[in-house]
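Novice: Just so you know, the sequences run in chain order A and B. With the first sequence counted from 1, adding 124 to any position gets you my numbering. With the second sequence counted from 1, adding 124 to any position gets you my numbering.
Heads up, some of the hints might be wrong.
You can't tell identical chains apart in this list, so a pair holds if it fits in one copy or across any two.
[To be verified] Okay, derived cross-link-like pairs now, BS3-like style, lysine-lysine, Cα gap no bigger than 27 Å in a straight line:
#  : residue 1 : residue 2
1  : K670      : K697
2  : K719      : K454
3  : K366      : K150
4  : K523      : K139
5  : K456      : K575
6  : K150      : K696
7  : K719      : K530
8  : K670      : K523
9  : K375      : K697
10 : K696      : K575
11 : K697      : K456
12 : K731      : K139
13 : K732      : K456
14 : K228      : K454
15 : K696      : K130
16 : K147      : K670
17 : K150      : K647
18 : K130      : K732
19 : K228      : K139
20 : K644      : K456
In case anyone wonders, no lab produced these hints; they're calculated from the structure.
Protein chains: 2
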Amino acid sequence: MFMNLKRVLIGRPLKSTESGEQKLNKIKALAILSSDALSSVAYGPEQILLVLVTISAAAFWYSVPIGIGVLVLLAALVLSYRQIIFAYPHGGGAYVVSKENLGKYPGLVAGGSLLVDYILTVAVSVSAGTDAITSAFPSLHAHTVGIAVVFVCLITLLNLRGVTESASVLAYPVYLFVLALFILIGAGLYRIAIGDVAPELHTPVGTPIAGVSLFLLLRAFASGSSALTGVEAISNAIPNFKAPAPHNAAKTLAAMGLLLALLFSGIVFLAYYYGISPRAEVTVVSQIAEQTFGRGFLYFFIQGTTALILILAANTGYSAFPLLAVNLAKDKFIPRMFTLRGDRLGYSNGILMLGLLSIVLIVAFHGQTEHLIPLYAVGVFIPFTLSQTGMILKWIRQKPPGWMPKLLINAAGALISLTVSMMFFLTKFEQVWPVLIFLPLIIYAFLRINKHYLDVGEQLRLSTCEPVMPIEGNVVILPVSGITHVVEHSILYAQSLAADQIIAVHIPFEREEEAIFEEKWSKWMPDIRLVSLHSPYRSILHPLMKFIDTIERKARENHYQVTVIIPQFIPKKGWHNILHNQTSFTIRTALLYRKDVIVTTVPYHLKK
Amino acid sequence: MFMNLKRVLIGRPLKSTESGEQKLNKIKALAILSSDALSSVAYGPEQILLVLVTISAAAFWYSVPIGIGVLVLLAALVLSYRQIIFAYPHGGGAYVVSKENLGKYPGLVAGGSLLVDYILTVAVSVSAGTDAITSAFPSLHAHTVGIAVVFVCLITLLNLRGVTESASVLAYPVYLFVLALFILIGAGLYRIAIGDVAPELHTPVGTPIAGVSLFLLLRAFASGSSALTGVEAISNAIPNFKAPAPHNAAKTLAAMGLLLALLFSGIVFLAYYYGISPRAEVTVVSQIAEQTFGRGFLYFFIQGTTALILILAANTGYSAFPLLAVNLAKDKFIPRMFTLRGDRLGYSNGILMLGLLSIVLIVAFHGQTEHLIPLYAVGVFIPFTLSQTGMILKWIRQKPPGWMPKLLINAAGALISLTVSMMFFLTKFEQVWPVLIFLPLIIYAFLRINKHYLDVGEQLRLSTCEPVMPIEGNVVILPVSGITHVVEHSILYAQSLAADQIIAVHIPFEREEEAIFEEKWSKWMPDIRLVSLHSPYRSILHPLMKFIDTIERKARENHYQVTVIIPQFIPKKGWHNILHNQTSFTIRTALLYRKDVIVTTVPYHLKK
């Protein structure tokens, strides 16, 4: 039944050789990998205005030069990541680039911060999308957390079905959003061109404003840069592209950069020209749309596609997190299970873990995840900086033909990213300090896990000089609780194994019981030695463990191997298990964990 | 650490031979076994008045004859149970008596209704006591459920420490309550004697009242009889008494009957004479105490001990439930685990289960368990009736010297109990109907469990004619995932067992992996046959199970036994387990439950 449900939800399993079918063309790749970056157009310009409004509405003209600064940063990042795509065609992004060029620790810093960042992406974007919906339908407000959790579950499920299927579903809303914003920007520019917008709504660019400090402008720039999160996603997900993957990825990245630049500058300009002031209840995009179209069909179309793309931005996390996890798991920094492919060839453990952790975040913050945005932005710019720095070192070390311009591009990217990161720490420290706590904790966890795997590998490798212990003979211990078929079968089995010694062990709680059982046994199996361990405290485990200790010590001297044979009933129906004391299970677990003996389970399948 | 906590909470384990120290003298036995019965004095008289008040306050004089009726019923029950104690000196009460004299089904009806009843006792009495406390301190009202749950946990813990310890603790409040009520009744009677109470407060006995029907009086009588719940507890708990157990139990029963009769008639009489009318916020006992003493120390003493005894009434359930469960479990009607004695020689599974289920009831009813009282009363009178009827048949069949008066006593008990049961169904059907649903369900469960145990017993018994399958040889299957120490050890072990055939099984997900591993294997272990099962869907379990099927079919024809050897890492620290895919565990569970093969686990203890 569970299997059938799974089939319906995620589809039939795919063969490993079918992985070619799970590759993306450029149109679909752009949709699922750029939803995060594009969706930030919905809140990036607003973030700039929110800082400027603390001075006065007259200061809004600064959003134009700040917007241009963001575009420069975007251009530097797109060019830099284009170079990373060609240099690391197998993906891995900031983690792999930093690790290979800067070393283990910078790599782990980049990997750790991206890992957390993708979880934040999912939580923040789904919460933001849900907010947009509950703002439209206030009666749903009480269920915000529930609705957000349902969305996360749906996106998780879609991703478990495989990359191509999720891309097919998600492409429509992404392109609809792009279309909607182009209509909005086009219509807005047309209104300005025909002089339908009063020019006195905004202060001219260059008007001197009292009280504007460099600190404030940097803070506004840093806030605006949060629109650039998600630019790195394509470089992580190159393996999902159709061949030639690096070329297709580079073209997709260029298309994304262009779309993002157009939409971002359009919205910034319209907001400036309309003289729009950020308001708590209504977003900037919504104000622009209302002023341009009134509350008609186009207004609701823009609002609807915006809500949708905010939710779908989460999908970028789903594309990048599992691939990053595979890279970290292959390097033995996180549990090995993240390298396993699921039925639909996606890395299903990564997908499930991302869904789970983002649900935990949403529930923990009651769906109010807005103040996680700066945390999430800084978590992107740290790996940006590290990977660009790594590329600089790579060009200097390898000096391929034409390396100078490449170096300059990456150096520009590194410098701007570093500046933005520093600005976040300087201007929004009260919101980004948790990074300084959890990043060291995550790296500590990575190192502990890594040490464990290396230790295990070393212990298992045959090249170690530990001599192989020969097995000269076998001692079999058989705990028995009565004279039954299953005991008989176990004894026959022990005899068939040519064990050198077979000892049946009975653990009576009362002296009378002991004598009666010994009497019965000697009549039934006179050849098998029976040891009675009287247990005054009514524990089975304790006397058995002590007895096995004694036998094991003697056996080890003679290079004998001790095997404990445990008969176990297998009831026909699951509920029958509660009718049997789970003694076999308890003994087996205790023995495996505490003693160096082999444990053999002889099942006895009850027929009714 | 868990063990240490357990030591602190419930004390050091006791040897089975120390069970003599866990026996009760009469003083302690009276305290813990009569708390339920005595506590009903706190609400029994009130229940009578609550029915009469539906006519008029003038009808309150009927409480005197109804009270006398209850005393007659009490006398009949005490005498009847005295005979049961001597006839069944090993305890077991209504279940054993009904089963032995009336047959299996009446026995199960009696056992099932008592089992549920003791759970209701605990839930109802703890809730009532908590109500009394939260009435006194209204700020605690929001925490009623929490407080009740804490009380249940405390009583459970006390009982896990053993019968004598709980009796030592509980004796004080019980005797304080008795003392408090005697002071109250004495003072009340004294005030009446010196003419301090106006005689016009009550209607004289015998005043004709319009509208009083027989139905109403029977309903009032049935309500008053709920004060007699708990009378049977002593007959269930005879094994807890010091020798000579039956004599001590009989004396304790007589003392309990006398105390209950005195307190009950005292309260009924004072309530009548003072002309007290039941009120929602203040109990009848509280009104009597206030009128007698005013709101002074004695008033609060009476209120405090009443709250305490209501909570401790739960303890009667704890004394009787585990012993009843042992009897049902020995007869294979409930899971065998209820026959196990804990560290302190109490039947700890029964104690824990009772605590757990009553917490479930308290939480499910939000601590408002008053309307469970009739249900709980009817659950007592059904077994009362059955056990007395059983005794009648016993006397008729065995005819011991002087059986006639004994028969008459039990016949009187049976008749009155039957009448009271019928009255509950006739007059309070809307509250007692659930008995007709859950009693058949419980009995169905008893029978299903019984059938399973009988089936198992039959399959295990050696006397069945099923021929023993000889084992002519052994085939060992060894799933391997790499060339490691643990695989090497497993192979050496298989060889030492003189297995006739050893097959290593490798399950690669990719074709390239397959060839590389086969190459390596043939160099490392050329003598051991390696089978590669390519798994295109990346499942380990599925191809392995199919392969084992094939081998098993062939092996069975030749009477060969198939053993699957599963190497398993045992990490040094618990958290390391999440770093290893639990493949060994999954394979073992699947094999044991689905195939008839023996499963051997070779542990490899990681040293760091």
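Novice: With reference to the structure, classify each hint as holding or not holding.
Specialist: Checked hints:
1. K670 x K697: between (34 Å within a copy, 23 Å between copies)
2. K719 x K454: Classified as neither: same-chain Cα gap 32 Å, cross-chain 35 Å, threshold 27 Å.
3. K366 x K150: within (8 Å within a copy, 87 Å between copies)
4. K523 x K139: neither (42 Å within a copy, 81 Å between copies)
5. K456 x K575: within (9 Å within a copy, 53 Å between copies)
6. K150 x K696: neither (54 Å within a copy, 48 Å between copies)
7. K719 x K530: neither (61 Å within a copy, 63 Å between copies)
8. K670 x K523: Classified as neither; 69 Å inside a copy, 56 Å across copies.
9. K375 x K697: neither (58 Å within a copy, 49 Å between copies)
10. K696 x K575: Only across copies: K696 and K575 sit 13 Å apart there, 44 Å inside one copy, limit 27 Å.
11. K697 x K456: Between copies, since 18 Å is at most 27 Å while 41 Å is not.
12. K731 x K139: Result: close neither inside a copy nor across copies, 37 Å intra and 38 Å inter.
13. K732 x K456: Cα proximity of K732 and K456: across copies only (16 Å, versus 47 Å in one copy).
14. K228 x K454: within (14 Å within a copy, 65 Å between copies)
15. K696 x K130: within (25 Å within a copy, 35 Å between copies)
16. K147 x K670: So K147 and K670 fail the 27 Å test inside a copy (59 Å) and across (32 Å) alike.
17. K150 x K647: Classified as neither; 81 Å inside a copy, 47 Å across copies.
18. K130 x K732: neither (30 Å within a copy, 39 Å between copies)
19. K228 x K139: neither (35 Å within a copy, 59 Å between copies)
20. K644 x K456: Classified as between; 24 Å across copies, 57 Å inside a copy.
Hint compliance for this structure: hints 2, 4, 6, 7, 8, 9, 12, 16, 17, 18 and 19 are broken, all remaining hints hold.
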